[in-house]
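S.K.: This is what each chain is made of:
Protein chains: 4
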Amino acid sequence: MSTLRAVVLCCTLKPSPAESSAELLGREVLAALADHDVDGEVIRVVDHDVRFGVSVDEGDGDAWPSIRTRLMAAHLLVIATPIWMGQPSSVCKMVLERLDAELSETDDEGRLRTFGKVAAVAVVGNEDGAHHVTAEVLQALNDVGFTVAANGSTYWVGEAMGKVDYRDAGPKPDTTGSATRTLAANAAHLAHLLAERPYPAG
Amino acid sequence: MSTLRAVVLCCTLKPSPAESSAELLGREVLAALADHDVDGEVIRVVDHDVRFGVSVDEGDGDAWPSIRTRLMAAHLLVIATPIWMGQPSSVCKMVLERLDAELSETDDEGRLRTFGKVAAVAVVGNEDGAHHVTAEVLQALNDVGFTVAANGSTYWVGEAMGKVDYRDAGPKPDTTGSATRTLAANAAHLAHLLAERPYPAG
Amino acid sequence: MSTLRAVVLCCTLKPSPAESSAELLGREVLAALADHDVDGEVIRVVDHDVRFGVSVDEGDGDAWPSIRTRLMAAHLLVIATPIWMGQPSSVCKMVLERLDAELSETDDEGRLRTFGKVAAVAVVGNEDGAHHVTAEVLQALNDVGFTVAANGSTYWVGEAMGKVDYRDAGPKPDTTGSATRTLAANAAHLAHLLAERPYPAG
Amino acid sequence: MSTLRAVVLCCTLKPSPAESSAELLGREVLAALADHDVDGEVIRVVDHDVRFGVSVDEGDGDAWPSIRTRLMAAHLLVIATPIWMGQPSSVCKMVLERLDAELSETDDEGRLRTFGKVAAVAVVGNEDGAHHVTAEVLQALNDVGFTVAANGSTYWVGEAMGKVDYRDAGPKPDTTGSATRTLAANAAHLAHLLAERPYPAG
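Going down the list, the protein sequences come from chains A, B, C and D.
For the first sequence, numbering that gives the first Met the number 0 assigns the number 0 to the initial residue and increments by one for each residue that follows.
For the second sequence, numbering that gives the first Met the number 0 assigns the number 0 to the initial residue and increments by one for each residue that follows.
For the third sequence, numbering that gives the first Met the number 0 assigns the number 0 to the initial residue and increments by one for each residue that follows.
For the fourth sequence, numbering that gives the first Met the number 0 assigns the number 0 to the initial residue and increments by one for each residue that follows.
Derived from the structure by calculation, the hints contain no laboratory data.
Identical chains share a label here; the pair holds if one copy fits it or two copies do between them.
Cut-off 25 angstroms, straight-line C-alpha distance, at most; resulting in silico cross-link-like pairs (SDA-like, lysine to any residue):
hint : residue 1 : residue 2
1    : Lys13     : Asp164
2    : Lys162    : Gly176
3    : Lys162    : Glu57
4    : Lys162    : Asp56
5    : Lys13     : Leu23
6    : Lys162    : Gly52
Treat the numbers as computed from the prediction; the structure is a model and nothing was measured.
The task is simple: from the sequences and hints, build the whole structure.
M.R.: Next up, the structure:
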């Protein structure tokens, strides 16, 4: 079984070196994937000059094409996003919009280039919103050709109207850690299967 | 300023006398409204034989028409719903679908009969989902003619993947209580305004 | 390659023999799956006495356990639902809530009994709402252990505020038919893979 | 009755002078508001250097503070947004995140500075997604203190998987025009009421 590759797109609003709970959870997913023959990297999107748009390249210094190259070489995509107002971050939405362009990108046999890639979601917030963020991200990614393994998300949020960050919440609750481990095991299994036995040509 | 009337539709899945955190929060909203010249009642929908459908009366013993009569006599509607899987309960959705029929019900001047009624939402769950439930309920109610006062929702949820109920969570956090009081003050103010000065005829 | 089995749960609000566009699209998915060694059946949920609840058996004549038996023997689950107010039907939500119970149901090796089952969604409405319905259904089903193949949904809606039903819309647009065929090919491929090579034990 | 002021924030992804259907519908809302003693302006957000963030001023040339000044002087806020993947645009989400900062901004009597402002939504897309976009935008704006008049949204989308833009769809369907007129009449009525009789101090 060959080693596969994952890209974690961290969708915090804050450029480096600001700390990001979304990045922390994204890195935990990557660490869990390493137990299943998957290596990879975390890209903090807002550190790059990604443009608003729905094409693969918006031109004029747009940083998306280089991120896209790394994504296209990977077998797994993890979207790690904070929650704002119960919803995915604007940076996360910007990424999804750029991925909308994949609906026009096919391989020699007419399949979307995303076919065979497995998507997963990691969501963090002070409070409330993880299920809805997961719903939005999985629907958009599945729309454009990503596959979703059983239990394809992990998350942490505090109690209603709370103000504590995941990175400050102390010893990680086993709930989130356990969800992260299940996500990694299932997503890696499915990515390995699809690497060997791709979807049929259309 | 005359006393106005509120109906709280509690959308728990469990018939009485089972305890319901959604009903508890709904009653707290009603108590807060009482400070603003609003009295009212709580109806636990699942105790009545409400039918699936999108008409005002599905016939054959349907209990919706009698609930609707009480609702039509009220100035405020509060939907109190539990969260399941990060989403509104099926009973809540059944209520919203029955209210869809109001799009065809107009007064002598061509206005929807819901115009002038103020809607509010109270959401409880063990964990995660309140913002999305609020979004779904407010959109549907606003679609069919209800008005939404500033800060028209209140909620409680526990930490991610928690299992504690609101009714067992001990002393209520001031966060939820404070949101409930703001909701009540604003919703009552707006309902009083609209009772005096209705929307113009179409 | 052995023949697999699909169950389509049709979540229209209307009991048989009323015509249902959701059932029509659900049957089209089943027909498309037949081209990929999958046979199955359509169950119109509202024809059965399914109770509100979040357990596998609510007792007292509850019809869910018998539907669940058929579902547990299947490899694919297709949720076919109408849109009401831009959202999934209450019957669909009732089904999702019953499936929430699967989070406590594991096999001898600690895996959810839903692991290895592939879920897909078919959505119809007079107008607007298919993406959001898909998001809600896929998130809930993925939460409780279903896997989602690339492009795991198909849908039809008319123009904004339209009133035409899918079943009356005349020759089916190739858009919906094409989405249905892709869904079937990918979902069947993934179900066959997972039947041979299940997710690892936890 | 004094003339009130509206700001339409157009959330297209495309800078001027590219044509925008969202801007077209936003301008139609503004024209409809003019019949009810409301004047105003359209701001295309992406033409300004608005930064990602959740504060009132992200510093360093951030264009939000000047947009915010115009918004704070207005009585109505209209969010005009395109649909991408069934969801609000990333630019729309960026605006909502900037408005999240309003939760900390109060007047001398402890009320949010948004209290008394009426929000409305105008949504356009080639196909599907308007109800969900409306839900997300109204929930977020209501959360941070905006009031929503009965029928506070208008929209246009084409048939499932369509590719025609609103601006090219020919004679506007009376459906969208009618919704726009109702939105304007109700939102203006409510803004006038709240200008005279503000919410009570907390």
